[in-house]
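Number of protein chains: 2
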Amino acid sequence: MEETNLKNLPIGVFDSGVGGLTVVREIMRQIPKERIVYFGDTARVPYGSKSKETVTKYSRQIVRFLKTQNVKAIVIACNTASAYALEQIEKEIDIPIIGVVKPGAVTAARATDNGKIGVIATEGTINSEIYTQYIKALKSDAKVMGKACPLFVPLVEEGLLEDPVTDEIAQRYLSVLIDSGIDTLILGCTHYPLIRSTVGRVMGEAVTLVNPAYETAIELKRLLTEKNMLQDEKPALGTNQYQFFVSDGAEKFQHFANTIFKYGVLAVKQINIEEY
Amino acid sequence: MEETNLKNLPIGVFDSGVGGLTVVREIMRQIPKERIVYFGDTARVPYGSKSKETVTKYSRQIVRFLKTQNVKAIVIACNTASAYALEQIEKEIDIPIIGVVKPGAVTAARATDNGKIGVIATEGTINSEIYTQYIKALKSDAKVMGKACPLFVPLVEEGLLEDPVTDEIAQRYLSVLIDSGIDTLILGCTHYPLIRSTVGRVMGEAVTLVNPAYETAIELKRLLTEKNMLQDEKPALGTNQYQFFVSDGAEKFQHFANTIFKYGVLAVKQINIEEY
Numbered sequence: 044m045e046e047t048n049l050k051n052l053p054i055g056v057f058d059s060g061v062g063g064l065t066v067v068r069e070i071m072r073q074i075p076k077e078r079i080v081y082f083g084d085t086a087r088v089p090y091g092s093k094s095k096e097t098v099t100k101y102s103r104q105i106v107r108f109l110k111t112q113n114v115k116a117i118v119i120a121c122n123t124a125s126a127y128a129l130e131q132i133e134k135e136i137d138i139p140i141i142g143v144v145k146p147g148a149v150t151a152a153r154a155t156d157n158g159k160i161g162v163i164a165t166e167g168t169i170n171s172e173i174y175t176q177y178i179k180a181l182k183s184d185a186k187v188m189g190k191a192c193p194l195f196v197p198l199v200e201e202g203l204l205e206d207p208v209t210d211e212i213a214q215r216y217l218s219v220l221i222d223s224g225i226d227t228l229i230l231g232c233t234h235y236p237l238i239r240s241t242v243g244r245v246m247g248e249a250v251t252l253v254n255p256a257y258e259t260a261i262e263l264k265r266l267l268t269e270k271n272m273l274q275d276e277k278p279a280l281g282t283n284q285y286q287f288f289v290s291d292g293a294e295k296f297q298h299f300a301n302t303i304f305k306y307g308v309l310a311v312k313q314i315n316i317e318e319y
Numbered sequence: 044m045e046e047t048n049l050k051n052l053p054i055g056v057f058d059s060g061v062g063g064l065t066v067v068r069e070i071m072r073q074i075p076k077e078r079i080v081y082f083g084d085t086a087r088v089p090y091g092s093k094s095k096e097t098v099t100k101y102s103r104q105i106v107r108f109l110k111t112q113n114v115k116a117i118v119i120a121c122n123t124a125s126a127y128a129l130e131q132i133e134k135e136i137d138i139p140i141i142g143v144v145k146p147g148a149v150t151a152a153r154a155t156d157n158g159k160i161g162v163i164a165t166e167g168t169i170n171s172e173i174y175t176q177y178i179k180a181l182k183s184d185a186k187v188m189g190k191a192c193p194l195f196v197p198l199v200e201e202g203l204l205e206d207p208v209t210d211e212i213a214q215r216y217l218s219v220l221i222d223s224g225i226d227t228l229i230l231g232c233t234h235y236p237l238i239r240s241t242v243g244r245v246m247g248e249a250v251t252l253v254n255p256a257y258e259t260a261i262e263l264k265r266l267l268t269e270k271n272m273l274q275d276e277k278p279a280l281g282t283n284q285y286q287f288f289v290s291d292g293a294e295k296f297q298h299f300a301n302t303i304f305k306y307g308v309l310a311v312k313q314i315n316i317e318e319y
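So the protein lines, in turn, are chains A and B.
Okay, so the first sequence: first residue is 44 according to the numbering used here, each after it adds one.
Okay, so the second sequence: first residue is 44 according to the numbering used here, each after it adds one.
Hints may be right or wrong, so weigh each one.
Identical chains share a label here; the pair holds if one copy fits it or two copies do between them.
[What the hints assert, rightly or not] Taking lysine-lysine pairs in the DSSO-like style, the calculated list, with each CA pair at most 30 Å apart, reads:
no.	residue 1	residue 2
1	LYS295	LYS186
2	LYS110	LYS95
3	LYS312	LYS95
4	LYS100	LYS295
5	LYS190	LYS179
6	LYS264	LYS277
7	LYS110	LYS100
8	LYS95	LYS295
9	LYS312	LYS100
10	LYS76	LYS312
No lab work stands behind these hints, which were simulated from the structure alone.
This is chain A alone, in the form it adopts within the complex (with noise of 0.2 Å):
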């Protein structure tokens, strides 16, 4: 395929549902030229309690999708199948693929002082353990700790953002980070950017807090520089720039997004990802 061909295809981005929306949102504003193509698995949604061998079935599903709309390169927007599934799928596809938990990591282990940084995330993230290598890699003394909330994913869904029942919740989840005296804290979920401020709250104005979409954005940026793949027109009058596929409640999905995007979410697809 030819380099100018390339440019034009659009990029994959997936999730288990719609957390994911706040990494595309990162992607659009930062590089406002490409075309994406978004995959939410809402019909086995949530990941994050899920074993490592689930999760990485149910992403080579989504990959194999993504490579039949022709997609030049795929974002894993979800921390869950990022940790247990990117390793593997990038060896076995012969496209660009990353993840958001190494961009995180990079930032936090950048942005700490004193070497102490906490991590937020599901169940199945923090035992991966994967921000702790990643970050351990980069900063061979660091310490990090991790902290499974299982709970924030339901309480946004409920859309209880500013709330004192999150409030409570997220004290009982954080003190065991501000006893332990972290600067930094990645929130290791793509909902929890949603709740940032209230986490931003119990934490503390002297804890800084990593949003890994931000950070995956301009990662995905770079690598498109490097590999001459990046889309410098923008698409043609017409073309559907931004397209939406789910496995299951298209119309609930297109509700949601249309929260998160201050534009119209046109059209969404429903299809069987078990076919995959």
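On the provided structure of chain A, position chain B as indicated by the hints.
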């Protein structure tokens, strides 16, 4: 197949995950000679926020798996799957199948004095309005008020059975039901019996709580008796009376199961449910 053989066959029970074990517990209590094959769809849990189409597809796959285990009857121990899939699936199979919704509705219709019945359940069960339909068919002047309680399942799974946060969330969800003057409340999700005391405290003593699991086991016994399928002999020594299958996380499931049952759940097998 001869009747004597039929009696010896196990009962199939399924749920989206672990919640259905509260139904299994009731079946074990009320018909202790029966063999049971349980399937928990832990790879795709929860069902409560998914569409009718997807929940029906998943239920069909599970029924096909249970048939390979040579079950004589099936219990859908999940309110959402009972609400969305039972009516369709009972047309498609040649063995008796019951859900948890109808037994719960029958009991509530009998229990109410003032004709005002509340239902708390997942989004899917409430949206299906199935409890309302069953209750109205029995008692046409009944008033049924449904309320989805999406945070109850994650709170139970986080182990906050007796906790100020669960109290606060229960008060928010239930206040509209208290105001409406119901005298009977159906616990329309298999997780909810585990926070029965919180719900009871918030609703007050005057409100009767209905646990469909209990009534479902009675209905199952009645059905098996009527069809001359009830097991009247204890399983032979060495028989594996209870078998548990899941689609993910066998170890985690076993751990949870052992908090519900007094004796040990010895083995849990993982299968690939997408193959059925």
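Each hint tested on the structure:
1. LYS295 - LYS186: Between. Shortest inter-copy distance 29 Å satisfies the 30 Å Cα cut-off; intra-copy 41 Å does not.
2. LYS110 - LYS95: Both: 22 Å inside a chain and 29 Å across chains, each within 30 Å.
3. LYS312 - LYS95: both (27 Å within a copy, 17 Å between copies)
4. LYS100 - LYS295: both (25 Å within a copy, 19 Å between copies)
5. LYS190 - LYS179: within (17 Å within a copy, 48 Å between copies)
6. LYS264 - LYS277: Result: close within a single copy only, 16 Å intra versus 67 Å inter.
7. LYS110 - LYS100: both (16 Å within a copy, 25 Å between copies)
8. LYS95 - LYS295: Classified as both: same-chain Cα gap 28 Å, cross-chain 13 Å, threshold 30 Å.
9. LYS312 - LYS100: both (22 Å within a copy, 18 Å between copies)
10. LYS76 - LYS312: within (22 Å within a copy, 49 Å between copies)
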